[in-house]
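Residue numbers (my numbering), protein chains in the order written: chain W, 292 to 568; chain U, 292 to 568; chain H, 292 to 568; chain Y, 292 to 568.
Honestly, I wouldn't trust all of these hints.
No copy labels: a pair is met if it fits in one copy or bridges any two.
[As the list claims (entries may be wrong)] 27 Å max Cα-Cα, derived DSSO-like pairs, lysine-lysine:
| # | residue 1 | residue 2 |
| --- | --- | --- |
| 1 | Lys523 | Lys491 |
| 2 | Lys415 | Lys492 |
| 3 | Lys492 | Lys333 |
| 4 | Lys519 | Lys492 |
| 5 | Lys523 | Lys565 |
| 6 | Lys565 | Lys519 |
| 7 | Lys523 | Lys492 |
| 8 | Lys409 | Lys506 |
| 9 | Lys565 | Lys328 |
| 10 | Lys333 | Lys415 |
By construction, these hints were calculated from the structure, which means they are not laboratory data.
On a predicted model such as this, the values are computed, not experimentally measured, just so you know.
Protein chains: 4
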Amino acid sequence: MKSQSIGVIGLGIIGGVWARHYHEAGVLAGAWNRTAKPDFPKWLPTAEVVARAADVVQIVVADPPAVRGIIEQISPALAQGKIVVQSSTIDPAGSSEFKSLVEARGARYLEAPFTGSKPAAEQKKSVFYLGGAEELVRAVEPLLSLISEARYHIGDNRQATTLKLAMNLNISAQMQALAEALTMVRRSGVSDDVFFTAIKKNVSCSGLTLLKEPKLRAGEFSPQFSVKHMLKDMRLASRTQGCEDFPVLDTVRECLWHADQAGYADEDFAALIKLLG
Amino acid sequence: MKSQSIGVIGLGIIGGVWARHYHEAGVLAGAWNRTAKPDFPKWLPTAEVVARAADVVQIVVADPPAVRGIIEQISPALAQGKIVVQSSTIDPAGSSEFKSLVEARGARYLEAPFTGSKPAAEQKKSVFYLGGAEELVRAVEPLLSLISEARYHIGDNRQATTLKLAMNLNISAQMQALAEALTMVRRSGVSDDVFFTAIKKNVSCSGLTLLKEPKLRAGEFSPQFSVKHMLKDMRLASRTQGCEDFPVLDTVRECLWHADQAGYADEDFAALIKLLG
Amino acid sequence: MKSQSIGVIGLGIIGGVWARHYHEAGVLAGAWNRTAKPDFPKWLPTAEVVARAADVVQIVVADPPAVRGIIEQISPALAQGKIVVQSSTIDPAGSSEFKSLVEARGARYLEAPFTGSKPAAEQKKSVFYLGGAEELVRAVEPLLSLISEARYHIGDNRQATTLKLAMNLNISAQMQALAEALTMVRRSGVSDDVFFTAIKKNVSCSGLTLLKEPKLRAGEFSPQFSVKHMLKDMRLASRTQGCEDFPVLDTVRECLWHADQAGYADEDFAALIKLLG
Amino acid sequence: MKSQSIGVIGLGIIGGVWARHYHEAGVLAGAWNRTAKPDFPKWLPTAEVVARAADVVQIVVADPPAVRGIIEQISPALAQGKIVVQSSTIDPAGSSEFKSLVEARGARYLEAPFTGSKPAAEQKKSVFYLGGAEELVRAVEPLLSLISEARYHIGDNRQATTLKLAMNLNISAQMQALAEALTMVRRSGVSDDVFFTAIKKNVSCSGLTLLKEPKLRAGEFSPQFSVKHMLKDMRLASRTQGCEDFPVLDTVRECLWHADQAGYADEDFAALIKLLG
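With the hints as extra help, turn the sequences into a complete structure.
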């Protein structure tokens, strides 16, 4: 069986890394980004041309409006046999809309949000949450396995988006809680050394604690994942039916909004600690 | 050098386990509990008699008023040479007060809150946060090492209480966030199997996630740590100077209060999930 | 100039009162309600028939999905010359959608949310917030003046919905604040007589204070405006662009949701006080 | 019967106005302020000297620690026959403590918080909430009636403080709600004229709405009542037993804290609107 080719639309922090992995594996048919990167491997002039050139189109852009824009652009190129793999973080409502648009053209749609930041992407350790028909999951497995260490078939497209939002809810609430706990002990005069030594023996220590420890200790907030993106995700979570009034979700979203307003939009979301004075 | 003897006041879930460990090690001089347990090893009729019988008195009761009550009762027995080790979760203001009361009698006061639940206590794996003078920490080290796997010298008495409250803030916020995330995916029809499989590959997975997974999956909320105790701790945290207006702390405290009002006071604080409908 | 006729769709607490006023004034051309009320003056078998029979169709139903359903039903009857007056509480996004649907049929659309409860409606003292073209406002003025004491031209259709949501935000937050203040003084043993005497001399006393005083004193929560409707409105407010992260809005919405979950959905939103224990 | 003399301790915005009213009425025996105001009528060098010179001592300072400081200073001058009228905003716990201290000296203690801002004070329209024995209330009535338009006997000293805190809770929550509602309509492009015209016909319009309208319209936040004082009061409210977990109280307190941290501590609490962007 001839292997499928893939096009990547969105060459940001993650999409760019993935596209290079695909290129190395010899399956990249095209790449496009809103801000032109003509030197990028397999760069093509428009998203539509990418969609024509590839069997599978993977989209990884900022938010639902950006996804909508891409799907409108590639729509003329979609037809039976094409597969759209949507990896941006969106909400169930957006996913339903985009799936309908793609299927109306005769193509197939797989929701494929992921977790893992840039280092994970570079080490081919992204984790995908796949939402769609079993045979569609199987169809893209060879491609996605080139860039990830695990691919979970979550259920349908809406369920995959929901699981991704739930994970980010968990992550952002942990970040704010850690920031409050650290600020509390700092105010009492306890050193960061003592705090992080103690938390590593505590049941609340997670991978996030270890990941953000250097940033919190140094007060260095270059973005691994930015305030503005997490704020966007938390707004999507709050729009998800049945989750409109979750207390910690509301609170963390408000904190991210304060951070955004205070000028920290492009900093890492660990910058939430700066609001605590 | 002759080894010191210890008395334990408060024979609840943790205090009872510790006292038996001390007894097995041959250092228990007395034990007392508000609700009489006359069959307990080295049971003595009053807290004061325990304090007379032992070199070191360890207090592990419910809250600051209970500690105050105990210290008033044992006060006549306190004198130079006696050491009070205070292991209940209290706040810095309470700690200052109790330290003054003890030192006014010529005795010494070590703040010694701990982390770790009943199974940890049984396996002698409690972790102590010690707050007091270096030589006092050294003086109780032989005794505390009989029941714990780590003893961190945090700083002074107020600092030790603050670190303990900060850890519980972190834990309770993680619990509420996990409850919201799980409810979110359940509402979309995703199974608990899928959720917990996915979270174990996620940066937000902590010891707490694994500890509470069985309770959340089974909807079984027998207490490892109760709603009412966590609510008490979060109120103490909110009274700590400089932490009065922490957003996630406020929110989690309100959730615990709702749970308390809804009749879940004596259930495990994982019962927070029941408020999400 | 021949006076216009009007049809009313939605004969609930307010719509029913308005329709009778129109009928008394001799301008009612038809009335319809999802739950049949065949004895109602000018009852007609379908919403579409009402829209055919009347120059102006006024819609006053529960929420955006209900409005959408009505507009789909009456769509075949809409044509040049017809005016749709939309008086349900909806959000700006819904208003844009409904205006487009109506105008696509050649008819005109006026957003006309109102304030004032049942007694106000009965006394023809409703207040309308009108959103649409100046000439359209003038066109419906003779009809709306039959049932209201004031009609403010707010601006466009989206603006009228926003102002209505903002007023309800203000009202629901005042209710929760009043409930907390009253509970606080009750817990200290102060009588309701003393509290309400004092608040009437206070700068915070509003019409709402006086309106809800009897309910709060008696613990009687038959609905003037129900928890579920206010919750719906606050969710719409939170979905309004630029208002996603307003702190008191979030908090009051969560309180209404707790009340809904606790079984108070159909009680007056003054029942918020019951959550305070 | 000879009329009583009064001393005023605390010559801030309100205390200074009252003292001048007392002086005009010929009953002022002494006045003192932490920051010296030697030109003030009846200025005396210490608080203690004021307490010696007057039958009744009225205290109106910033917060419980300031009251504690004053009571310690005047303690030697307190004796049978002296009355302390405490008009600062404090909490029930503080009130119990101060009452004990005063009565231990043989003097009597009346809790007398008030409402009404500077203009009200100038027009002798302050309103007092009196907490203490009936005969004590009667004893100070002639003096307090010189500076106020109403004096309500609320109950005991703790109850009077609670009612005051409850009123300020109501006021600050209304302010935040009004700020959110106004921001919401401003964002939709509706003018302040339209908003305030509409709200004046709305059930949510209170004296506070009218009082703060000019500040909100002009974006002018010179203090009638400052952010820092309202924050202090809301922290006292949250420490009041049974009110630790009130949702709108928590939220408004957090907003005031954000405002304080953003540099608005000395501005009017209407400056809360500046946090909404």
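Outcome of the hint check:
no.: 1; hint: Lys523 x Lys491; in the structure: between (31 Å within a copy, 24 Å between copies)
no.: 2; hint: Lys415 x Lys492; in the structure: between (30 Å within a copy, 14 Å between copies)
no.: 3; hint: Lys492 x Lys333; in the structure: neither (49 Å within a copy, 32 Å between copies)
no.: 4; hint: Lys519 x Lys492; in the structure: between (32 Å within a copy, 24 Å between copies)
no.: 5; hint: Lys523 x Lys565; in the structure: both (19 Å within a copy, 22 Å between copies)
no.: 6; hint: Lys565 x Lys519; in the structure: both (15 Å within a copy, 20 Å between copies)
no.: 7; hint: Lys523 x Lys492; in the structure: between (33 Å within a copy, 23 Å between copies)
no.: 8; hint: Lys409 x Lys506; in the structure: within (16 Å within a copy, 34 Å between copies)
no.: 9; hint: Lys565 x Lys328; in the structure: neither (35 Å within a copy, 41 Å between copies)
no.: 10; hint: Lys333 x Lys415; in the structure: within (20 Å within a copy, 61 Å between copies)
In summary, the numbered hints that this structure violates are 3, 9.
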